[in-house]
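Chains as they are written, first to last, in the working numbering: chain A, 249 to 438; chain B, 9 to 221.
Derived from the structure by calculation, the hints contain no laboratory data.
Cβ atoms here follow ideal geometry from the backbone N, Cα and C, with glycine treated the same way.
Treat the hints with caution; some may be incorrect.
[To be verified] With a straight-line Cα cutoff of 16 Å, these simulated EDC-like cross-link-like pairs (lysine to aspartate or glutamate) come out: (1) B:88 to A:321; (2) B:10 to A:376; (3) B:26 to A:267; (4) A:415 to B:23; (5) B:26 to A:269; (6) A:423 to B:23; (7) A:274 to B:12; (8) B:10 to A:278; (9) A:415 to A:402; (10) A:274 to B:58; (11) B:10 to A:374; (12) B:159 to A:321; (13) A:274 to B:16; (14) A:274 to A:257; (15) B:32 to A:321; (16) B:10 to A:269; (17) B:26 to A:376.
[Claimed, not checked] The following label-pair restraints were derived from C-beta to C-beta distances: (18) B:36 to A:282: 35 to 43 Å; (19) B:54 to A:410: 41 to 49 Å; (20) B:10 to A:344: 20 to 28 Å.
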Amino acid sequence: MDVQSTEPELRALMMAGLDGDAAAHKALLERLSSQLRAYFKGQLGRFNRGPVEAEDLVQEALIAIHTRRHTYDPSQLFTPWVYGIARYKFVDYLRRTKASINDLPIENAGEVTAQDDRAHVESSLDLEKLMMGLSPRVRQVIQYVKLDGLSVSEAAARCGMSESNVKVSVHRGLKALALQITKQGADHED
Amino acid sequence: MKTDQLIDMLSTNVEPVKHGQLGKALAWALVIGGAASFCVMLATVGLRTEPAGVSHLGFLALRVLFMLSLVGVGTALLIKLIRPGQDGRKLFTFIFFPFLAAGFAGIVALALQPSAAWHPMILGTQWVTCLYCIPLFAIAPFALLIWALRKGAPTNLQRTGAIAGLVAGALGATAYAFHCSDDSLPFIAIWYGAMVLLCAWIGARLGPRLLRW
Chain A
249 MDVQSTEPEL RALMMAGLDG DAAAHKALLE RLSSQLRAYF KGQLGRFNRG PVEAEDLVQE
309 ALIAIHTRRH TYDPSQLFTP WVYGIARYKF VDYLRRTKAS INDLPIENAG EVTAQDDRAH
369 VESSLDLEKL MMGLSPRVRQ VIQYVKLDGL SVSEAAARCG MSESNVKVSV HRGLKALALQ
429 ITKQGADHED
Chain B
9 MKTDQLIDML STNVEPVKHG QLGKALAWAL VIGGAASFCV MLATVGLRTE PAGVSHLGFL
69 ALRVLFMLSL VGVGTALLIK LIRPGQDGRK LFTFIFFPFL AAGFAGIVAL ALQPSAAWHP
129 MILGTQWVTC LYCIPLFAIA PFALLIWALR KGAPTNLQRT GAIAGLVAGA LGATAYAFHC
189 SDDSLPFIAI WYGAMVLLCA WIGARLGPRL LRW
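Construct the entire structure; sequences and hints are all you get.
Written out as structure tokens, the structure is:
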């Protein structure tokens, strides 16, 4: 990551996102996704893992950045915070897939790192399948608020829940999704 | 799933983030955990029964000071450890100061006495009680601290677990201090110090399992 040039912009987007600015939050996640992709591809290249795994990690990190954004301390630099999360997710990935530096067949390494850095690749994560792992109520709320784009009050009216309950459910649902992803990753690698 | 899809999903209906949630959760964990620990002490071994003299109160103050200094430094470290990108490495060395100070005081106290008096000074009358009470009293604060830390994003799970264990152990030992009738500096340095370190070690073992996110 090119710390010097991107730090002030990213930090400004983060601060706006923390105040509830959805457009800034989206711009931030888009910018970060390409940085994270480059980072994970670079790391995974050493372990002979492909772009699909990198995309899984990008998505996992994005969800973590979103659901844990309250852990960012505005008095500190933003880039080390993102890097801390990315690195944690990468180490966690290595641990659960039991990859080690010895797995690396040297002759293929060039191929992996030569992949271009675009978002054409789909991750192995299937959102619908992941959603099935949530409780019906939480799934419904995520569907309304996060996928259909209903406002919190509309979703609250449709589900017959209070607005604060909807907010809590969305937050829990996203965390549960993140957990599902971690589990799923462990399942198909073991 | 395409990453763009995920980004759309995450940035639909973004809620503003409330500040200070983490600090509040930690503060609650410490207060309720400390109170729970004290209640467990009252319910099991109870307060010290002998009449309180000036020197008794002095030793109680020393015990509490030793333990609360660990709680203070440990909590400051936890605040750093649950935020990615802040490792608190400088602060980490401070955690050893209370142990060193207590150890030094213990050695000086021993040096001032003839060696024949060392045995009761070190073992006291209740070192066995101390062994099981401090970890027992640490259970409630440890559970509450883990609950609070899981709201954060610790990236070094072993270290975070260790410090959580240390803070919980120190809270447990603070509660035990109100029962303890062994008024000797070497006793405090050795048994309190060892039990808190044991709690930290257990915390380090449990951290990666309990704190993963």
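Quick rundown of the hints versus the structure:
1. For the hint linking residue 88 (chain B) to residue 321 (chain A), the alpha-carbon distance of about 10 Å falls within 16 Å, and the restraint holds.
2. The suggested pairing of residue 10 (chain B) with residue 376 (chain A) holds, with an alpha-carbon distance near 12 Å, which does not exceed 16 Å.
3. Taken as a hint, the residue 26 (chain B) and residue 267 (chain A) pair is honoured in the structure, with Cα atoms around 9 Å apart against an allowance of 16 Å.
4. Distance hint between residue 415 (chain A) and residue 23 (chain B) is fulfilled; the C-alpha atoms sit about 8 Å from each other, no more than 16 Å.
5. A C-alpha spacing of about 14 Å is found between residue 26 (chain B) and residue 269 (chain A), which places the hinted pair at or below 16 Å, so the restraint holds.
6. Only pairs whose Cα atoms come within 16 Å are accepted, and residue 423 (chain A) paired with residue 23 (chain B) is accepted, the gap being roughly 15 Å.
7. About 10 Å separates the Cα atoms of residue 274 (chain A) and residue 12 (chain B), which keeps this hinted pair within 16 Å; it holds.
8. Among the hinted pairs, residue 10 (chain B) with residue 278 (chain A) is consistent with the structure: their alpha-carbon atoms are about 12 Å apart, no more than 16 Å.
9. For a cut-off of 16 Å, the pair hint linking residue 415 (chain A) to residue 402 (chain A) stands: about 12 Å separates their Cα positions.
10. For the hint linking residue 274 (chain A) to residue 58 (chain B), the alpha-carbon distance of about 66 Å lies beyond 16 Å, and the restraint is violated.
11. For the given pair, residue 10 (chain B) sits about 9 Å from residue 374 (chain A) by alpha-carbon distance, which is consistent with the 16 Å threshold.
12. In summary, the hint linking residue 159 (chain B) to residue 321 (chain A) is supported, as the alpha carbons are separated by about 14 Å, within the 16 Å threshold.
13. Between residue 274 (chain A) and residue 16 (chain B) the alpha-carbon distance is near 7 Å, which keeps this suggested pair within the 16 Å criterion.
14. A threshold of 16 Å between alpha carbons decides the hint, and for residue 274 (chain A) with residue 257 (chain A) the separation of about 13 Å falls inside it, so the pair holds.
15. Between residue 32 (chain B) and residue 321 (chain A) the CA atoms are separated by roughly 14 Å; this keeps the pair inside 16 Å, and the hint holds.
16. Proximity of residue 10 (chain B) to residue 269 (chain A) is assessed by CA-CA distance (about 23 Å); at most 16 Å being required, the pair is judged violated.
17. For the given pair, residue 26 (chain B) sits about 30 Å from residue 376 (chain A) by alpha-carbon distance, which is inconsistent with the 16 Å threshold.
18. As the Cβ distance of residue 36 (chain B) to residue 282 (chain A) is approximately 39 Å, the hint placing it in 35 to 43 Å holds.
19. A hinted range of 41 to 49 Å for the beta carbons of residue 54 (chain B) and residue 410 (chain A) is consistent with their spacing of about 46 Å.
20. For residue 10 (chain B) and residue 344 (chain A), the hinted distance range of 20 to 28 Å is satisfied, since their beta carbons lie about 23 Å from each other.
Hint violations for this structure: numbers 10, 16, 17, all remaining hints satisfied.
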